[in-house]
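For chain A, the structure is supplied; the task is to place chain B on it using the hints.
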Amino acid sequence: MPARHLRIVEKTGRATIAGIAEIGYGAFLLGESLFWLVMGKSRRQPVRFGAVVAEAMEFGVRAIPIVAILSGTVGAMLAIQGIHTLKTFGAESRVTFGVALSVVREFAPLITGIVVAGRSGSALAARLGTMRINQEIDALHVMGIDPVRFLVAPALLAMLAVLPLLTLLADFVALTGAGMYICMDLGMDFPAYWERVIESLKVDDLGHGLGKSVIFAVLVTLVGVVNGSLVQGGAEGVGKATTRSVVHAISAIVVTDMLFAFVLTR
Amino acid sequence: MSATPNRTPNKVIEVKDLVTHYGTRQILKGISLDIYEGEIMVIMGGSGSGKSTLLNHLLGLLKPSSGTVSILGQDINKLSAVEMTKLRTRMGVAFQGGALFSSMTVGENILLPLREHTELDHSTMAIMARLKMEVVKLADFENLMPSELSGGMIKRAALARAIVMDPRLLFCDEPSAGLDPVVSAAIDELIITLRDAMGMTIVVVTHELESAFRIADRICVLDRGDILMVDTVEAVRSTSNERIQNLLNRRLEEATLDPDDYMRRLTIGI
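In the order they appear, the protein sequences are chains A and B. Residue 16 is where the first sequence starts when you use this note's numbering, and the numbers rise one by one after that. Residue 184 is where the second sequence starts when you use this note's numbering, and the numbers rise one by one after that.
Check before you lean on any hint, since a few could be wrong.
[Claimed, not checked] In silico SDA-like links for lysine to any residue, alpha-carbon gap of 25 Å or less:
(1) B:261 with A:255
(2) B:261 with A:47
(3) A:255 with B:284
(4) B:246 with A:255
Because the hints were derived from the structure by calculation, they are not lab data.
Okay, chain A solo, but in the shape it has when bound:
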């Protein structure tokens, strides 16, 4: 085999091993974070509530405007497309059913996950990458402060708390956006629209969406943290890790979403 081909095989092999090592590192960080959340107090190194609140403010509260704007827009878009498509069959009155299910099961968790991955997954990667380069992570180690307990566990807990709540908000805003268009186009009144939405939805549908948002929370946090803590090569490395973290997190969210839908709808 020519040397060039060998090099391609070698590169592919190295990239595969590095990818598997990153997934393993992510799993280790998840285990370690859960350990500190459960055992921190007995080791007299608790995960600080203040740090969790601060992260929740950053990941959750500050993301409310953008999540609301995007989910409202997507809700209206679904209503427009839904009515347009169903008109072909003369079934536009069924649009509420389609919109309610698509929003709650798919679009709200997906949009929220993607927005949070773009906002907070990248911020986590940039923050940890900068801390690594500035030796702040080393400083934590030598002060006897476990960086996973101090930096990762609060972020993970905050993300697990806020992503489902943001998804609920996205559900509500997207359905409101869709409702405004549906009521205007089909001449329905708003309370009747909401009544139909509630009739169309089962607790299972809500659980499906929220369950996914919990998995997305873990994915976004771990992808951000893994990329940030493996930064090499100064400021340029931080930039690359940030971009990589957004791309990886969004890809992971979309693939997981598909797998989740495949497993749970069959």
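For chain B alone, coordinates are given in the frame of chain A:
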């Protein structure tokens, strides 16, 4: 070896036959070093001599390929996580760039070890932190963010954070690098004061000769992963060892050329 006035006979750090590799490259080639209580040991050497790697081993940030590092009588590579945390509360480290947490004020940075490791009430912790800020002459700066400090102030704040738990052992990585001569001298004075007033054992890693000669009780000269000499300032200055004299007089050493290795480097991967 000449006697030094400040130290006691108790060994605080014992490094034995330490070997370490980055990948396949050997960085430290089996070095042994004892550091005694109450002395300022300066680890000196040029770039690539292995001094930062040695420091990282002393701090427990790297695992050796072979050999042992004992601190305060404990082999740090055999300690459990809980024991290591306990040991680390007795050590302070001032990093080269300060490594202050950029999202916290100077005061919060200095308070952090106390907050994490003690259950004192907030006002006691605040007083302890301010005491240390007075020591490093940074009073009135506690509410500033690290980005608002000058280079010398960052180094002093890092020192204050390193000593806030009253450690028995203080490590300083390049404490005067990148500072002007006046600020650099002030940092040196501060390190000497910490030894004299608080009885700390201090390990300083530096490539600044002037600073090393000013503060050291003993100097360990590292070169290409080997210890060339460990002795007092006078002994190091007056040594006849050519490599040390080259280092002290800033003479470039002639690189030895291995023709086979040279050819290998030119043709590798082609």
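The hints, checked one at a time:
A C-alpha spacing of about 37 Å is found between residue 261 of chain B and residue 255 of chain A, which places the hinted pair above 25 Å, so the restraint is violated. Taking the CA atoms of residue 261 of chain B and residue 47 of chain A, the gap is about 20 Å. The hint holds against a cut of 25 Å. Distance check on the hinted pair: residue 255 of chain A and residue 284 of chain B sit about 22 Å apart at the alpha-carbon level, within 25 Å; holds. With a CA separation close to 28 Å, the supplied pair residue 246 of chain B and residue 255 of chain A exceeds the 25 Å bound.
When each numbered hint is compared with the structure, violations occur for hints 1 and 4.
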